Amino acid sequence: MNDIGTVIPLHEFEINRALLKQYADASGDQNPIHQDETFAKSVGLPDVIAHGMLTMALAGKYVSDWAGGPQNVKEFSARFIKPVIVPAGKSVDLTVSATVVEVSAAGVRLEVSATSQGVKVLGMAKALVAQGN
Amino acid sequence: MLNPDSVGRTFAGVDVITITQEEISSFAAVIGEKNTSIAPPTFSIKISLREFESILTKPEIGLDWTRLVHGDQKFEIYRPIVAGDSLTTSATIENYKVAAGNEIITVRSDLFNKDEKIVSSWSTLVVRA
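One line per chain: the protein sequences are F and B, in this order.
The opening position of the first sequence corresponds to residue 519 in this note's numbering, with each subsequent residue numbered one higher.
The opening position of the second sequence corresponds to residue 1253 in this note's numbering, with each subsequent residue numbered one higher.
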């Protein structure tokens, strides 16, 4: 099941304004671009955008679930290449999938893909998880 | 603009940060993680970003935090953070460059519980031109 090339089934998370507020409060990142549409547009954004770190936290949940729990996630990295745009009054998707790319004594390396509304939002996303999941 | 003399410097955090169950649980709740006995893998960003802000915006360092975006992020987790950990921190400005008017800064954060290093993370932060 951990063979190189194994594709892990995708999972679709939902992101909406309420979740952004919840993440802002839990993380302490109260940057108004993640909550205030007028402010976001005033700095040239199309609308309110999700925290990149919320996107990464959700992708981390996907990795944790596959790995058998958060204790098995040893390394996790990603580049924030496009924002997740979150309009008022609706939920948008964050669709996460992954492929096993390396299996070694160190663990299993995954390449993680994350898209929202068809747009790739994380680049170079990789995780190392402990064996034994 | 960042003071180039600050590149390579390491800054010790001023405070010992004691992790509460409530903050682990509220972070876990956002992502739907039911196991709240340990912190989710990206939880430490909460500590590191606050620390980076306090260091990088010091007048002698000079970063403009209001035009900042997060470029990329990496975590190495040696053991999960748990409630009751009393963490000391250090932050190192590892790299700095200017490209097309944007300032690109790579900072490393190390979190220790007493002498045990439990998480290292790297953030690339971009100050837009």
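Honestly, the hints are just simulated from the structure, not real lab data.
Any given hint could be a false lead.
[Stated by the list, open to error] Which residues of chain F face chain B? A few of them, derived with a C-beta cut under 8 angstroms, are:
#1 Y541
#2 S545
#3 Q548
#4 V591
#5 Q635
[Unchecked claim] Using 35 angstroms as the maximum straight-line C-alpha spacing, the simulated DSBU-like pairs for lysine-lysine come out as follows:
#6 F:K559 with F:K600
#7 B:K1286 with F:K592
#8 B:K1310 with B:K1286
#9 B:K1298 with F:K592
#10 F:K638 with F:K608
#11 B:K1326 with B:K1286
#12 F:K608 with F:K559
#13 F:K600 with B:K1326
#14 B:K1286 with F:K600
#15 B:K1298 with B:K1286
#16 F:K644 with F:K592
#17 F:K559 with B:K1366
#18 B:K1369 with F:K608
#19 F:K592 with F:K638
#20 F:K638 with B:K1298
#21 B:K1326 with F:K559
#22 B:K1366 with F:K539
#23 B:K1298 with B:K1310
#24 B:K1366 with F:K638
#25 B:K1366 with F:K600
#26 B:K1310 with F:K608
#27 F:K592 with B:K1349
#28 B:K1369 with B:K1326
#29 B:K1349 with B:K1310
#30 F:K608 with B:K1349
#31 B:K1286 with F:K539
#32 B:K1369 with F:K559
#33 F:K539 with F:K559
#34 B:K1349 with B:K1286
#35 F:K539 with B:K1326
#36 F:K644 with F:K600
#37 F:K592 with B:K1369
#38 B:K1326 with B:K1366
#39 B:K1298 with B:K1369
#40 F:K638 with F:K559
These figures come from a predicted structure and were not determined experimentally.
Even for Gly, the Cβ is constructed at its ideal location relative to N, Cα and C.
Hints, verified against the model:
| no. | hint | result |
| --- | --- | --- |
| 1 | Y541 | holds, 5 angstroms |
| 2 | S545 | holds, 5 angstroms |
| 3 | Q548 | violated, 11 angstroms |
| 4 | V591 | holds, 4 angstroms |
| 5 | Q635 | violated, 20 angstroms |
| 6 | F:K559 with F:K600 | holds, 16 angstroms |
| 7 | B:K1286 with F:K592 | holds, 19 angstroms |
| 8 | B:K1310 with B:K1286 | violated, 38 angstroms |
| 9 | B:K1298 with F:K592 | holds, 18 angstroms |
| 10 | F:K638 with F:K608 | holds, 20 angstroms |
| 11 | B:K1326 with B:K1286 | holds, 24 angstroms |
| 12 | F:K608 with F:K559 | holds, 18 angstroms |
| 13 | F:K600 with B:K1326 | holds, 17 angstroms |
| 14 | B:K1286 with F:K600 | holds, 29 angstroms |
| 15 | B:K1298 with B:K1286 | holds, 19 angstroms |
| 16 | F:K644 with F:K592 | holds, 11 angstroms |
| 17 | F:K559 with B:K1366 | violated, 45 angstroms |
| 18 | B:K1369 with F:K608 | violated, 42 angstroms |
| 19 | F:K592 with F:K638 | holds, 24 angstroms |
| 20 | F:K638 with B:K1298 | holds, 25 angstroms |
| 21 | B:K1326 with F:K559 | holds, 29 angstroms |
| 22 | B:K1366 with F:K539 | holds, 33 angstroms |
| 23 | B:K1298 with B:K1310 | holds, 19 angstroms |
| 24 | B:K1366 with F:K638 | violated, 40 angstroms |
| 25 | B:K1366 with F:K600 | violated, 38 angstroms |
| 26 | B:K1310 with F:K608 | violated, 39 angstroms |
| 27 | F:K592 with B:K1349 | holds, 29 angstroms |
| 28 | B:K1369 with B:K1326 | holds, 16 angstroms |
| 29 | B:K1349 with B:K1310 | holds, 19 angstroms |
| 30 | F:K608 with B:K1349 | violated, 39 angstroms |
| 31 | B:K1286 with F:K539 | holds, 20 angstroms |
| 32 | B:K1369 with F:K559 | violated, 41 angstroms |
| 33 | F:K539 with F:K559 | holds, 18 angstroms |
| 34 | B:K1349 with B:K1286 | violated, 41 angstroms |
| 35 | F:K539 with B:K1326 | holds, 24 angstroms |
| 36 | F:K644 with F:K600 | holds, 17 angstroms |
| 37 | F:K592 with B:K1369 | holds, 14 angstroms |
| 38 | B:K1326 with B:K1366 | holds, 23 angstroms |
| 39 | B:K1298 with B:K1369 | holds, 17 angstroms |
| 40 | F:K638 with F:K559 | holds, 22 angstroms |
Violated hints, in rising order: 3, 5, 8, 17, 18, 24, 25, 26, 30, 32 and 34; the structure is consistent with all others.
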